[in-house]
Amino acid sequence: MEYSLQADHLTKLFNGQLPAVNDITLRVRPGEFLTLLGPSGGGKTTTLRLLAGFETPTKGRIQIGDHIVADDSHFMPPEKRKIGMVFQDYALFPHVDVAGNIAFGLRGSSKDKARQVKRLLTLVGLTQFAERMPYELSGGQQQRVALARALAPNPDILLLDEPFSNLDTGLRAQVRSDVRHILLETGTTAIFVTHDQQEALSLSDEIAIIFDGKLAQVATPHALYNRPVNMQVAKFVGDANFLPAEAHGMTADSRLGEVKLFHPKSGRVQLMIRPEALAVGFDEEGSRATVLWREFYGHYQRLGLALADGTTELIARTGVDRYFQRGDAVSVSLALPALAYDSESQHVLS
Amino acid sequence: MSIQRLASLLLAAALCCFVVAPALGDDVLTVYSGRNESLIGPILAQFTEDTGIETEILYGGTSAVANQILTEGENSPADVFIAQDGGALGALAAADMLHKLPAATIARVANEAFVSPDGVWTGLSGRARVFVYSPESLDEHGLELPNSIHDLTGEEWRGLVGWAPANASFVSNVTAMRVLLGEEETAAWLAGMIANGVQAYPKNTPIVQATIDGEVVGGLVNHYYLFRFLAEDPDITATLHFFPAGDLGSLINAAGAAILKSTDQPYDALALVDYLLSDTAQAYFAQTTYEYPLVASVEPSVDLPALADIETPEIDLSDLADLQGTLTMIEESGALD
Amino acid sequence: MQLADAIRPRLRINGHHHRVLARWQVGNRQLAQAVSLAVVAVVMIPIAYLVLGAVSAGQEGIDYLIRARTLRIVGNSISLMTAATLLATLIAVPFAWLTSRSDLPWRRAWLALGLAAMVIPSYLTAVTYTEAFGPKGVLQSLLEPFGVDRLPPIKGFAGATLTLTVVTFPYIVLPVRAALLHCDRSLEEAGQSLGLNRWGVFRQIILPQLRPALSAGMLMTALYCLSDFGAVAVMHFNAFTRAIFIQTESYRMDKASVLALLLVGMTLVLLLLHSRMQIRGRHYRVGVGASRHLELLPLGRWKAPALIFCASIVFLGVVIPLLVLFKWLLGHTLTNPIQVPLNLLIHNTVGVSAVSALVVTLAAFPLALLAARGATRFNRWLVNVAYAGNVLPGIVIALALVMFATQNMLSIYQTLPLLIIGYAIRYLPFSIGATESAFAQINPRYEEAARSLGLSPWAALARITVPLARGGILAGLALVFLNVMKELPTTLILRPIGFRTFATRIWSAYDEAFLSSVALPGLALILVSAFALAIILRREEAIS
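Residue numbers (this note's numbering), protein chains in the order written: chain A, 1 to 350; chain X, 1 to 337; chain U, 1 to 544.
To be clear, the hints were calculated from the coordinates, so they are not data collected in a lab. Keep in mind that this is a model prediction, so the values were computed, not measured. Misleading hints may appear alongside valid ones.
As the list claims (entries may be wrong) - Cβ-Cβ distance ranges computed for the label pairs, FRET-style:
id, chain 1, residue 1, chain 2, residue 2, range
1, U, 211, A, 58, 39 to 45 Å
2, U, 351, A, 171, 36 to 42 Å
3, A, 292, U, 197, 51 to 57 Å
4, X, 95, U, 351, 33 to 39 Å
Where a beta carbon is used, it is the ideal one built from N, C-alpha and C, also for glycine.
Just chain A, with the same shape it has in the complex (with noise of 0.2 Å):
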């Protein structure tokens, strides 16, 4: 089985509006950990449920494991595919106890199912809550048992929608990196949806961005933060600096002098440029600007740069060894190749 899942050419319309989803194409990998990506709103909520079950696909065919479990003729209820669910709000039955959450898709005798309880109890480190309610736990808590009923079945699958964003900033982090590890151990393919880069750079094996129901991109996160797509891609994945510049091969000229390209190109194009790929300092070297505003991060401060143009400015990304304050005068320029966009189509490929 080379593909745990394979969606094509998903669509799905309601009634007479824009399609939501829009001839979604996507592959995933026994193990692999995907994320579809995208701002609110943008379809990838229903892809997911799309692959859950829990709406028809206009157009598509999607297939779980060896079993097609949607096309043109066939559809199979959720209840059938063996995926696994963890829900953005968890949806933890109220009125059943923590054990009885995880042991709700289990079949079997009550022994088997108390030593399956057990188990995931202990993997998801809340064996002491076994007799709670989902109201006496705390988010975090919460959180993990929905992971844990979604487990318990042994899923296909598992499908995470949106599962860390009703949690504190700062229980954020830590929950998110338990269930990395918690899926890692259990080898589950997962795929999950969210609207936070962050979120998706640091947990993903691939990342799928949806903007407006199409897919743009299908990269690694190191890919897509480094090669973004288009410019739409590239401004949804972190910070950005787009610059202008006339492009000949390897390199083109710009504000920023010559700079070189990541890829050959010629005539007008857009170059992207990553804030931590400036270097900005004192130097006599570099194109010169003045800081107009600095914000320190700690083991990192991000700075805005006035060229001497007057009319550029840009972001950059330093590290906190050097001291900046408003109004210095510093010199900037491109430690790494550029990204180059035509200029028309924003794309980077044309």
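Model the placement of chains X and U on the given structure of chain A, informed by the hints.
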């Protein structure tokens, strides 16, 4: 929940309905009674006890029940109709819905004024229309006893008289008035009573109660209701006034019974009618409900004036069959509003 | 606003409602739709027969319709409804305020006693008022020393209005009180900071927030007044229901149908007017607001008048009826020669009410599911038709079902199933409303979570939705039970021969002045009703 479970729940609910539903066996005699349960119920229970024939009894106003039978027509579940007055029985006779009774049954009734000329219904008990009043209230308001029901439209009686305009005995009283005095004069009397603030009650008993309580000085009722109250409290001073000189207010009428043509139990039905004319039942009417027995072998209660001594207006009870006409007139008068 | 939507006024006080993204797969909806369709078909019967009955009256019917006497009935009903609704509002709003936002002593006790008026059916309140306030009644005997030897007759407009005011005012107190408790306190503080005094705050800040609750409560009251039979029958006030009853009892079905259609039309107009107002006033929402502790306003020197006010209401609503019933029970009244064992009455009344409540709840279930989870145009239409009971007073349904049974289905004429169908049509809206709002408050994600864990749609319904909605469903059940138990005209007209309930026993005993036979079933009925009401109120508290 599986579909089966849902279905079985529904089924259980449906079953519940029929468990609660009383067994509607075919051998139950269905009686439609226009007489109050408190008057006829005990003797009907006695009938079942004595004969073993089960009954189910629908109680309602005589006019309403007669109308119900007319509406149900051939389909009526009723086997026997017991009416408060001859008028309603006459209405069913006119619609040809009544079974002819055997001569032997009819012959039990001493006075043939109380049976139908065609022998399709028989009287069961006689009674007089009277004016029940409280002597204290009469004095208090400085009133004289009325000589005629027409006197009650006088200003001095404003708001002090009670009636039960939907009651069958009252309806047949009005029918008699239409027959003897004509439509116009009858309508004028009804209008006069209403204009004079007559107090309406649902039935006769509350009129007597209201008289005792002093809510009204007196009211138009059948004679026997007062005796119920006297039996429990002999100190009650309310008493009966028989309008003199054949005034319409003292109409004598009879409660009666008939067998429906559509009955599927004619023998049980006849057994009931015969039972109601038996000495047992007639004695019950005489002693317990203070009505006039209609068979020669049973004496009326000592407390009552002899039927023959009451000056009743000259009228043939079978002429009182135009129930609908009277009901319409009463309704149009606004008496029911 | 569609006519069909207008007949579903809802008392939606607060709470989160989940409707979005709650869809069913087609296959699972079909069974619910099929059952709903069957239920709706039954609901359509009375409407169809009513129209048929009125049409069969033909020209005669039209003549009857436009007669002065018929128009007077319209006038009577409208004036009764208006007077009782306004009076009920006038006493309900201060009562609700006093029992929720003031420092009135024994607030909860006053509230409970005030609401207890709901458990006394209108005919029972009415008969006790004839005794208490009649020309020679209890009140008169108390006034005797002051030279009052006769009071004006209570029967008629005055008596009917008094009775209906007292029995309906709780229907305004409940929503208004809930709204008062949920008023956004910060708005009041904002008002104060802008220089409003206490009265100004009430008039300009609180009252506008009460508007939806007030109008919903007033609508309930107005509908109650139009459809009530007991009070007008006892008080001999010729409103629609009494006129229809008189015609029905005399089996003049065509005239009764004409009157009934006219009454239904009036009810519809009322609902339409209400829904228009709702649309205009939509921007006033009861705040979901932070439930900060509400500050109780000190009454100061108004404490004594407030206590007297509450005491009078409780006295009218509960004390007088109970006192009169006890007086009849213990005092000397005419003995009824027909003694019906109390346990037979309890068995019949509780039995038929329980079965009806069960049937109604089961029938409402698929409709409520469609309403909460399957919003399509066709389903909305189905649900709206099922709400027809809101515009069909009991007497009207009974009349139409008699026509139906005598003309087309004699086998169920005068049987319990027909009686139960009558109750069911009348009270289906109560159950759908309660069940639907219980469903709507359940996060549809719970059902999806269950499906993702391998449960079929029906299993998810049984293990998740129903247990979570249980409180709401039970409250609906209790509400139907309570109302069926009190229902008079439907019972009188549709009951099987010889079938006695508390209501019919009270009715026939009062007819013949067997007052102790009124008292015992009356008190028993009040007692059983109080239990049902306690369940309902507990639920209301839980929601708010």
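Original post:
Can the suggested window of 51 to 57 Å be confirmed for the beta-carbon pair residue 292 of chain A and residue 197 of chain U?
Top reply: 52 Å, holds
**OP:** Look at the Cβ atoms of residue 351 of chain U and residue 171 of chain A and judge whether their distance stays inside 36 to 42 Å.
**Re:** 56 Å, violated
Original post:
How does the Cβ-Cβ distance of residue 211 of chain U and residue 58 of chain A compare with 39 to 45 Å: does it lie in that range?
Top reply: 44 Å, holds
Original post:
Do residue 95 of chain X and residue 351 of chain U keep their Cβ atoms within the hinted range of 33 to 39 Å?
Top reply: 38 Å, holds
When the structure is compared with the earlier hints, a violation turns up for hint 2 alone.
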